[in-house]
Amino acid sequence: MQSLYALKPWYTRRLHRVVEHAVVHRISPDIYTAAGVGAAACAAVAVANGCWLAALAFLAVRLAGANLDGAVARARGIGTPWGFVVNELGDRASDVLMFAGLAVWAGEHGTPVAWVLTAALAATQPTFAALAGAGAGATRRNGGPFGKTERCLAVVVATALPQAIPHICVLIVAGSVLTASGRLRAARRELAA
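In the numbering used here, the protein residues as written are 116 to 308.
Misleading hints may appear alongside valid ones.
[To be verified] Label pairs and their computed distance ranges (CB to CB):
id	residue 1	residue 2	range
1	A308	I146	32 to 42 Å
2	L268	L204	14 to 24 Å
3	I146	H282	34 to 44 Å
4	L268	I193	28 to 38 Å
5	E223	E135	35 to 45 Å
6	L293	L204	41 to 51 Å
What the hints contain is simulated information worked out from the structure, not anything from laboratory work. Fair warning: this is a prediction, and the values are worked out from it, not measured in the lab. Here a beta-carbon is modelled for each residue, glycine too, at the ideal position from N, C-alpha and C.
Can you make the complete structure from the sequences, with help from the hints?
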């Protein structure tokens with residue numbers, strides 16, 4: 116199941132002018148990783164203050180940065196293993212920032228912050244599963260029923276509907292466990308073949 120991850124090629128095509136500009140001007144893919152993390156920091160402030168529309172806009176920029184770093188590296192032919200590491204660090208930092216903003220917002224509405232911390236911890240599992248499989252020689256898997264895009268959308272909804280934060284956190288946990296399990300099953304099948 117690909118869920119919103121299936122939109123990534125469409126989103127990449129929408130950003131093709133940015134990629135072309137980066138190629139012509141030899142802009143480092145790391146700039147887009149940094150821009151994505153910066154947008155996630157702005158989104159965290161918006162979430163912490165309950166500004167769901169601003170959070171939506173900043174998280175869209177966060178996803179664009181996460182998309183562009185790899186697209187630019189491929190288009191320029193400069194993808195490296197270290198670039199992969201920088202990309203993953205940027206993605207994890209962006210998630211931490213986003214969930215930190217949600218923890219503040221939850222606390223302001225009387226929701227135990229433990230809900231958000233549990234969701235944030237569970238949200239790391241799909242990536243750990245993908246990286247563990249790749250480290251063993253399997254394909255690095257993305258997608259699944261609850262990935263990065265779904266996490267961003269869930270945080271925007273939680274910002275707009277703070278009374279639903281516990282329910283959204285349960286959704287994040289369940290979706291993350293389901294996604295991690297699917298990635299691990301696929302890696303196991305591939306490694307056994």
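These are the hints, each one checked on the structure:
Distance hint check for A308 and I146: the Cβ-Cβ separation is about 39 Å, which falls inside the suggested range of 32 to 42 Å. Remark: the range hint 14 to 24 Å for L268 to L204 is upheld by a beta-carbon distance near 23 Å. At roughly 38 Å, the beta carbons of I146 and H282 sit within the given window of 34 to 44 Å. Between L268 and I193, the C-beta spacing of about 31 Å keeps the proposed range 28 to 38 Å intact.
With their beta carbons about 43 Å apart, E223 and E135 fall inside the hinted range of 35 to 45 Å. With their beta carbons about 25 Å apart, L293 and L204 fall outside the hinted range of 41 to 51 Å.
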